[in-house]
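Chain order of the listed sequences is D and S. Counting in this note's numbering, the first sequence tops out at residue 396, every number present. Counting in this note's numbering, the second sequence tops out at residue 396, every number present.
Some hints here could point you the wrong way.
The list treats identical chains as one, so a pair stands whether inside a single copy or across any two.
What the hints assert, rightly or not - Derived lysine-lysine pairs resembling DSBU-like cross-links, with alpha carbons at most 30 Å apart: (1) 149 to 225; (2) 110 to 141; (3) 368 to 139; (4) 110 to 385; (5) 368 to 141; (6) 280 to 270; (7) 149 to 110; (8) 395 to 218; (9) 141 to 385; (10) 385 to 139; (11) 139 to 177; (12) 110 to 177; (13) 139 to 110; (14) 228 to 348; (15) 119 to 290; (16) 307 to 228; (17) 228 to 218.
In short, the hints are calculated from the structure, not lab data.
2 protein chains.
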Amino acid sequence: MQLEIIFLGTGGSWPTVKRNVSAIAIKRGGEILLFDCGEGTQRQIQKSKLSYMQISKIFITHYHGDHFLGLPGLIQTMQLNDREKPLYIYGPRGLRNLISQILSLGYFTPTYEIVATELNDNCSIKFDGYTIKTLKVDHNVPTLAYSLEEDERPGRFNKEKALELGIPEGPLFSKLQKGKTIEINGKKITPDMILGPKRPGRKIVISGDTRPLEKLVDFAKNADALIHDATFHSELEETAVEYGHSTAKQAAEIAKRANVERLFLTHISPRYMDSKPLEEEARELFANSIVPKDFQSFEIRLKK
Amino acid sequence: MQLEIIFLGTGGSWPTVKRNVSAIAIKRGGEILLFDCGEGTQRQIQKSKLSYMQISKIFITHYHGDHFLGLPGLIQTMQLNDREKPLYIYGPRGLRNLISQILSLGYFTPTYEIVATELNDNCSIKFDGYTIKTLKVDHNVPTLAYSLEEDERPGRFNKEKALELGIPEGPLFSKLQKGKTIEINGKKITPDMILGPKRPGRKIVISGDTRPLEKLVDFAKNADALIHDATFHSELEETAVEYGHSTAKQAAEIAKRANVERLFLTHISPRYMDSKPLEEEARELFANSIVPKDFQSFEIRLKK
Numbered sequence: 093m094q095l096e097i098i099f100l101g102t103g104g105s106w107p108t109v110k111r112n113v114s115a116i117a118i119k120r121g122g123e124i125l126l127f128d129c130g131e132g133t134q135r136q137i138q139k140s141k142l143s144y145m146q147i148s149k150i151f152i153t154h155y156h157g158d159h160f161l162g163l164p165g166l167i168q169t170m171q172l173n174d175r176e177k178p179l180y181i182y183g184p185r186g187l188r189n190l191i192s193q194i195l196s197l198g199y200f201t202p203t204y205e206i207v208a209t210e211l212n213d214n215c216s217i218k219f220d221g222y223t224i225k226t227l228k229v230d231h232n233v234p235t236l237a238y239s240l241e242e243d244e245r246p247g248r249f250n251k252e253k254a255l256e257l258g259i260p261e262g263p264l265f266s267k268l269q270k271g272k273t274i275e276i277n278g279k280k281i282t283p284d285m286i287l288g289p290k291r292p293g294r295k296i297v298i299s300g301d302t303r304p305l306e307k308l309v310d311f312a313k314n315a316d317a318l319i320h321d322a323t324f325h326s327e328l329e330e331t332a333v334e335y336g337h338s339t340a341k342q343a344a345e346i347a348k349r350a351n352v353e354r355l356f357l358t359h360i361s362p363r364y365m366d367s368k369p370l371e372e373e374a375r376e377l378f379a380n381s382i383v384p385k386d387f388q389s390f391e392i393r394l395k396k
Numbered sequence: 093m094q095l096e097i098i099f100l101g102t103g104g105s106w107p108t109v110k111r112n113v114s115a116i117a118i119k120r121g122g123e124i125l126l127f128d129c130g131e132g133t134q135r136q137i138q139k140s141k142l143s144y145m146q147i148s149k150i151f152i153t154h155y156h157g158d159h160f161l162g163l164p165g166l167i168q169t170m171q172l173n174d175r176e177k178p179l180y181i182y183g184p185r186g187l188r189n190l191i192s193q194i195l196s197l198g199y200f201t202p203t204y205e206i207v208a209t210e211l212n213d214n215c216s217i218k219f220d221g222y223t224i225k226t227l228k229v230d231h232n233v234p235t236l237a238y239s240l241e242e243d244e245r246p247g248r249f250n251k252e253k254a255l256e257l258g259i260p261e262g263p264l265f266s267k268l269q270k271g272k273t274i275e276i277n278g279k280k281i282t283p284d285m286i287l288g289p290k291r292p293g294r295k296i297v298i299s300g301d302t303r304p305l306e307k308l309v310d311f312a313k314n315a316d317a318l319i320h321d322a323t324f325h326s327e328l329e330e331t332a333v334e335y336g337h338s339t340a341k342q343a344a345e346i347a348k349r350a351n352v353e354r355l356f357l358t359h360i361s362p363r364y365m366d367s368k369p370l371e372e373e374a375r376e377l378f379a380n381s382i383v384p385k386d387f388q389s390f391e392i393r394l395k396k
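One chain only, chain D, in its complex shape (with noise of 0.2 Å):
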């Protein structure tokens, strides 16, 4: 199944020229995930390749508005393009709250369902393919990180011991694979005698907004994809510090201790018109590390 990250937003605090604020889209086979919806997210969407119609949960990391302030212009559009399905958003404490007052702006009352979550630090939510767990960060409002796991993955099969104890490549290999137990000459045959050990789906961790946090070093452990706060250069780290950020060097040893496959800098603060030099002092520490543009995408493969 594809697997693929879409940067929708990746500026900090308010839109510029080249920035929108922050959304990032997760697209796993037909489904779409959203985390966060700064304002504008709509109209990003429209410009990219993805529809907002397929948009089946959105994951709200926090309540400043870069965050969320796409919300309703994204949930009455989606009305006025009749949707019917319902909408899950999740998020931290306050949610409940937010959605209500959001849903009562002006003229407008939702006709699809629209069901808020909130979440605290360390849950785990299981969907079909994937949980989503959350970690609480260290901002200056109540923040989760977000990880996606797939579940694990079958091990791989074993053509030649397949092949030794009797069993003639064709079906009998599909079911076995897709872990069904099969009888050959009066012989059970369980799908742990052929396939190798369980392999790990694949794994993406959005921190939110943060300062580098020890406790993200664990929740990112061996993520395919680490998209990480990296507002400022650590030239300004005080201010970092001060605002709930992190800078790109942080972003990077957090990157380098979680041993994770590639790093993404986001939530650029608006002062930075060339991101280079948040490229360059990340990828001192962590080579596999890159500052999206806004639409670019980046599929996540399988390890072998």
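Starting from the known structure of chain D, arrange chain S on it as the hints suggest.
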């Protein structure tokens, strides 16, 4: 004084790749008045030549999302950029409640003053150099049209007459032009002796979302610019009626009967990738019709 209309969002209902939702700026000297503020307006302003810090007053026509959902983000960004001056917001009844809702979304506390004033039909508010008038129009929710009318200008200076009366060219001319009485050779000269009849200032009318309305003909009488709802082509006149909008043709009829100088067709439905047919049907009735693109600006010159 320069007077300019800058179209920041010319689309209706929801944003498209080409057109953002409603927002029109009028720049008069160093002051910017904003009419409607759909989602993403702050970014449209950044992409234009305007500065949102110059916005002194915002007029909202009605409380459908595509006309006001850019307010919370704009208000917050003004604060992040250290606004200290009060911001004056005007709109139909319900504004005070709306603004108090907007100011309590998420973690935000305004540090500058936001003054919300509710307006009725037929209001007239005098500002320095111009008056804003309102007209209740015919939409599905309470909606106001706005008219910006500059103060009358002094009449034309009759140079010959001035010289005849023995006034030497120079500072005394300028005093008379500014409406001051002067004395020359012990004789009082009042401005009305030298100046022709007062000349009207410029007038710009914004219809808001509305079905074609008889009263708008008078309201927009002799305006230099009428910015009118033209959501649909006349092929969809029934749809326009149902949703409380006008067709391009109907807007042109109003413009013609009101004897305006120029007609700007706006609030174009997202269904029209190409707005040429709307412009064409308007021009058949009223030649000086245009469907502006986002970011197009038009100077409104003083009549000689």
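Status of each hint after checking the structure:
1. 149 to 225: within (14 Å within a copy, 45 Å between copies)
2. 110 to 141: both (18 Å within a copy, 15 Å between copies)
3. 368 to 139: Classified as both: same-chain Cα gap 25 Å, cross-chain 22 Å, threshold 30 Å.
4. 110 to 385: both (8 Å within a copy, 20 Å between copies)
5. 368 to 141: Both: 26 Å inside a copy, 26 Å across copies.
6. 280 to 270: within (16 Å within a copy, 105 Å between copies)
7. 149 to 110: both (27 Å within a copy, 27 Å between copies)
8. 395 to 218: within (22 Å within a copy, 69 Å between copies)
9. 141 to 385: This pair counts as both: shortest intra-copy Cα distance 15 Å, inter-copy 23 Å.
10. 385 to 139: Answer is both; intra-copy 14 Å and inter-copy 17 Å each pass.
11. 139 to 177: within (23 Å within a copy, 35 Å between copies)
12. 110 to 177: between (33 Å within a copy, 28 Å between copies)
13. 139 to 110: Both ways: residue 139 and residue 110 sit 14 Å apart in one copy and 9 Å across, limit 30 Å.
14. 228 to 348: For residue 228 and residue 348, only the intra-copy Cα distance (21 Å) is at most 30 Å; the inter-copy one is 62 Å.
15. 119 to 290: For residue 119 and residue 290, only the intra-copy Cα distance (24 Å) is at most 30 Å; the inter-copy one is 65 Å.
16. 307 to 228: within (9 Å within a copy, 58 Å between copies)
17. 228 to 218: within (18 Å within a copy, 52 Å between copies)
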